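Participant: Take these sequences, add in the hints, and give me the full structure.
Those letters in the sequence shown? Residues 160 to 485, per our numbering, in order.
Hints in this document: simulated from the structure, not taken from any laboratory.
Keep in mind it's a predicted model, so treat the numbers as computed, not measured.
Glycine included, each C-beta is placed from N, C-alpha and C at the ideal position.
Computed spacing ranges between beta-carbons, pair by pair:
#1 D195 - E227: 27 to 33 angstroms
#2 E368 - I297: 23 to 29 angstroms
#3 A365 - Q225: 31 to 37 angstroms
Keeping only pairs whose Cα atoms sit at most 20 angstroms apart, straight-line, the calculated SDA-like set for lysine to any residue is:
#4 K203 - G239
#5 K203 - A213
#6 K477 - Y199
#7 K203 - M160
#8 K477 - V328
#9 K203 - G483
#10 K477 - Q281
#11 K203 - K477
#12 K477 - A283
#13 K477 - D195
#14 K203 - E245
#15 K203 - D222
#16 K203 - G278
#17 K203 - R236
#18 K477 - P280
#19 K203 - L249
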Amino acid sequence: MIVTQTPLRISFAGGGTDFPEFYRQEPGAVLSAAIDKFVYVVVKARFDQRIRVAYSRTETVEDPAQIEHDLVREAVRMAGLAGGFEVCTLADIPAEGSGLGSSASLTVGLLNAFHAFAGRPQSAEVVSRQACQIEIDILGRPIGKQDQYIAAYGGLNVFRFLPNDEVAVNPLSLSESRRRSLEESLLLFFTGRTRRADSILSAQRANIEATRPFLRQMRDLTTELHTCLLNGFGDEFGRLMHRGWQCKRQLAPGISDPYFDQLYDRALAAGATGGKISGAGGGGFLLLHCPPHRRNSVRAALAALTEMPFRLFREGSKILLNTGPR
160 MIVTQTPLRI SFAGGGTDFP EFYRQEPGAV LSAAIDKFVY VVVKARFDQR
210 IRVAYSRTET VEDPAQIEHD LVREAVRMAG LAGGFEVCTL ADIPAEGSGL
260 GSSASLTVGL LNAFHAFAGR PQSAEVVSRQ ACQIEIDILG RPIGKQDQYI
310 AAYGGLNVFR FLPNDEVAVN PLSLSESRRR SLEESLLLFF TGRTRRADSI
360 LSAQRANIEA TRPFLRQMRD LTTELHTCLL NGFGDEFGRL MHRGWQCKRQ
410 LAPGISDPYF DQLYDRALAA GATGGKISGA GGGGFLLLHC PPHRRNSVRA
460 ALAALTEMPF RLFREGSKIL LNTGPR
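Facilitator: Structure (C-alpha cells):
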C-alpha cells in the first residue's frame, strides 16, 4: 500500500506569467508557498487485475483507458501501470474551485503514488514536469505551471519560468522567527463560492498580449516581495500584494466582481494592508495580509465568512506509507 500527502498552496504574486504565451517571450516568475492543507492518495493492490477508483463517485474498470477521472487515467498511463490496484483520493478542502491548486496537488500526489506503487519513485522535478504534461499538454487545460511545482517541491519559493520551458526553483530560506511573523500576518477566508477556473483562465490566456504590461508588473513584484521578506517585511508586504491584486484584476473579466470587491474593501477598512482572491479568481479563498494586532478586527469585518487557519509547510508531496513495491 502507498499513501501520499501533497500540500495545497497560496500564491503571493506573478500568477499568469507561468503561461507559455508569456514566458516563451520573456521570463515569468511566481512567489508561492505550500500550506498545511493536503490532498491524500491511497493506492493498494487488488487480488484481480481490475482497477477501482474512489473519489466523489466510484469506478471499477478493466483497463486504464476506461477510467473516466481524467487525472487518474493519465497518471496511471504516465506511471506505466496496467491494472490490479485500487486508488482513493481525499482532500482537506473542496476538491474543485478553491484557488489553492488542488487539481495540481492531486495530479502530483497521484503520480508520486503510482510511481512508488510501481517500484520506481521519481524526483520532484520529474513529477512536476509530468504533472504539467498531463494537465497542460495532454488534457489541454488553460493553466500555468506554478501549481504543479509548488505541490511537488513545497516550501516557500520563487519559481522562474524560462523561454526554453525550463523552470528554475529558488527556495527562500527564512529564519524561524521571520517565518512565524509571516504566518501571523496572513489570513485565509473561504468566500462561500467555488468555480471552475477554465473560463477565466482561457480569457486570461487569450488576453496575454494585451495585458503583458500588467503581467510584467506582477512578475517584477515577486522580486520586491522576495526582498521584502529577507529584509523584515512588515506592512510593505501587504502593500505589494495589493499592487499585484490591482494588476491581476485587469487580466480577464470575472476575476473579481462587486461581491469580492466589497469583501476586500471591508477587510482593508478593518486593517488589512493587502491581499487577493486566490488562484484564477472568481471564487475560492480570500488571502489577506494584516498586522497581527489587526487580525481580530479583520475577522470581525468578515464574520460571515469561514476562516481557514493554516501554516506554511516546508515539504512537498511525500510518501507517508510505503509497504513496498507491488
